[in-house]
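A.B. asks: Listed below are the residues making up each chain.
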Amino acid sequence: MTQPWVLMTREERLALLLSAWRTAIPALLILGSMLIMVLPVFLPGPTLPHLPLLGVYYWSTHRPNLLPAWAAFLIGLAVDIVLGMPLGLNALLFVLVRAGLGSQITAFLARPYIFGLAVAAPVILLFQVMTWTLLLPFEPRIGLTPFLVQAATTLAAWPLMTRLCALAQTRLVDKW
Amino acid sequence: MPLPPATTPPYPRARWRWLIGRGMVIFLVLLGSLMLIANRSIPPAMMSGVALDGIAPALSVLRAPVEWVRQGVTEVQRYFFVHRRNAELEKRLRRAQAIESRYRTVVAENARLKQLLRIVEPGQQTVGTARIVGSTAGSYVRSAIVLLGAREGVARGQPVRDADGLVGQVVDVGQVSARVLLLTDLASRVPVRVEGTSRTAIATGLNEPELLLEFLSPGRPLRQGDRLVTSGDGGTFPPGIPVALVTTPQGAEPRARPLANPGGLDFVVILRPFVPEALQPPAPSPGLAPALPAAPAQDGSTAP
Numbered sequence: 095m096t097q098p099w100v101l102m103t104r105e106e107r108l109a110l111l112l113s114a115w116r117t118a119i120p121a122l123l124i125l126g127s128m129l130i131m132v133l134p135v136f137l138p139g140p141t142l143p144h145l146p147l148l149g150v151y152y153w154s155t156h157r158p159n160l161l162p163a164w165a166a167f168l169i170g171l172a173v174d175i176v177l178g179m180p181l182g183l184n185a186l187l188f189v190l191v192r193a194g195l196g197s198q199i200t201a202f203l204a205r206p207y208i209f210g211l212a213v214a215a216p217v218i219l220l221f222q223v224m225t226w227t228l229l230l231p232f233e234p235r236i237g238l239t240p241f242l243v244q245a246a247t248t249l250a251a252w253p254l255m256t257r258l259c260a261l262a263q264t265r266l267v268d269k270w
Numbered sequence: 017m018p019l020p021p022a023t024t025p026p027y028p029r030a031r032w033r034w035l036i037g038r039g040m041v042i043f044l045v046l047l048g049s050l051m052l053i054a055n056r057s058i059p060p061a062m063m064s065g066v067a068l069d070g071i072a073p074a075l076s077v078l079r080a081p082v083e084w085v086r087q088g089v090t091e092v093q094r095y096f097f098v099h100r101r102n103a104e105l106e107k108r109l110r111r112a113q114a115i116e117s118r119y120r121t122v123v124a125e126n127a128r129l130k131q132l133l134r135i136v137e138p139g140q141q142t143v144g145t146a147r148i149v150g151s152t153a154g155s156y157v158r159s160a161i162v163l164l165g166a167r168e169g170v171a172r173g174q175p176v177r178d179a180d181g182l183v184g185q186v187v188d189v190g191q192v193s194a195r196v197l198l199l200t201d202l203a204s205r206v207p208v209r210v211e212g213t214s215r216t217a218i219a220t221g222l223n224e225p226e227l228l229l230e231f232l233s234p235g236r237p238l239r240q241g242d243r244l245v246t247s248g249d250g251g252t253f254p255p256g257i258p259v260a261l262v263t264t265p266q267g268a269e270p271r272a273r274p275l276a277n278p279g280g281l282d283f284v285v286i287l288r289p290f291v292p293e294a295l296q297p298p299a300p301s302p303g304l305a306p307a308l309p310a311a312p313a314q315d316g317s318t319a320p
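Protein sequences, first through last, are from chains A and B. Using this note's numbering, you'd call the opening residue of the first sequence number 95 and step up by one each time. Using this note's numbering, you'd call the opening residue of the second sequence number 17 and step up by one each time.
By construction, these hints were calculated from the structure, which means they are not laboratory data. Please read these numbers as outputs of a predicted model, since none were measured by experiment. Please note that the accuracy of each hint is not assured.
What the hints assert, rightly or not - Derived, one-sided and incomplete: chain A residues facing chain B with beta-carbon distance under 8 Å:
| # | residue |
| --- | --- |
| 1 | 129 |
| 2 | 133 |
| 3 | 186 |
Built from N, CA and C at the ideal position, the CB exists for glycine as well.
Go ahead and model the full structure; you've got the sequences and the hints to work with.
C.D. replies: Written out as structure tokens, the structure reads:
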């Protein structure tokens, strides 16, 4: 939209305001996935996938302009508060994921589907190991195994979350 | 062919944008690290309360489909297992009737003896009944979010139970919602007693389905199926609330499975502490080290 606001007609202004919400879709999707994580579905072990991480991964590698570092930080803070994690943990790691992947976006262009999965595996594993390391000062007895289990379930949820994000991108975000 | 000048941002502007972007990432990484360091000493209790109040209404709406699915599955199960379940329940009813008759006699006798000895025992006082609207079951935290908050008298440290047994303890309170630390959380410690004996222990959460029994006092060897109830030590959990059943009695690390069924948690009862003073912070005494809390430590900086 190159036309200045003052030169727009009333309809054009309304259309611009209505289309602006689409830029918030990545953040809203990640926050929605965070709410799914706190639904009362009690599982026997730490088998719940880290869905917000998958959202950050997808939008960092597909449309990083719609998920700036500050947005990743704020989403991370929300995840910390809602999940009851130490404040700043996910915020810090989400910024690192966003900065690391967002700067390599050209490497993801025109790559096959399996490439995304192949990159996601070490990223998710590293994220979980870093989470465990940062949590050790808070709870020295915490074991690494639950984090590895969660890494595996997160990776298992990757195709579904990617599909959902891709659907949102093609149907809502890129339509604008 | 060079791009038209209008579509290519001038070099200094692009350089500045790049620099600001990098600067922002460094700033946010530093900010996140500082928050993590500060988090150890300042538990953001107020912030957690506000956040809980923010998401609790959304969760109470979102839980509806989950509830429908659960009800649907239960209905299907009931339909297929109705005969077997009926026979089982009839058997249990006959056994329960025999136990009930003995129970009534014992309760009456117990009341008479207490009256003779003039024993005054505080009863279980409830704060209220709450619906569970959310849970966190990640690799670090095992907690539940309930729709009852400070407005109704919920406070940090209050015990929470359901029909089957102890569920956990309140750790964060908002105005209309609260977070309950489940027994299975790594930070959970509950003083228990083996029912029918004087053996006591601390039931410790492991972020696993089972609890670890620590500091087991000497006495009769544990048996599989032994019931653990709250001992009342520390004054937080009222004595006699069922907690868990022993599953692995042997070895250096006996285990028990909580009786409160996490999958079926719909409504819970929030209780007042057995001894209300148990949750009061100890008065500062100069020259002395702060006294250990009588109740299991529920420091917000390390948990949930």
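A.B. asks: Going through the earlier hints one by one, which of them does the structure break, listed in rising order?
C.D. replies: No numbers; nothing is violated.
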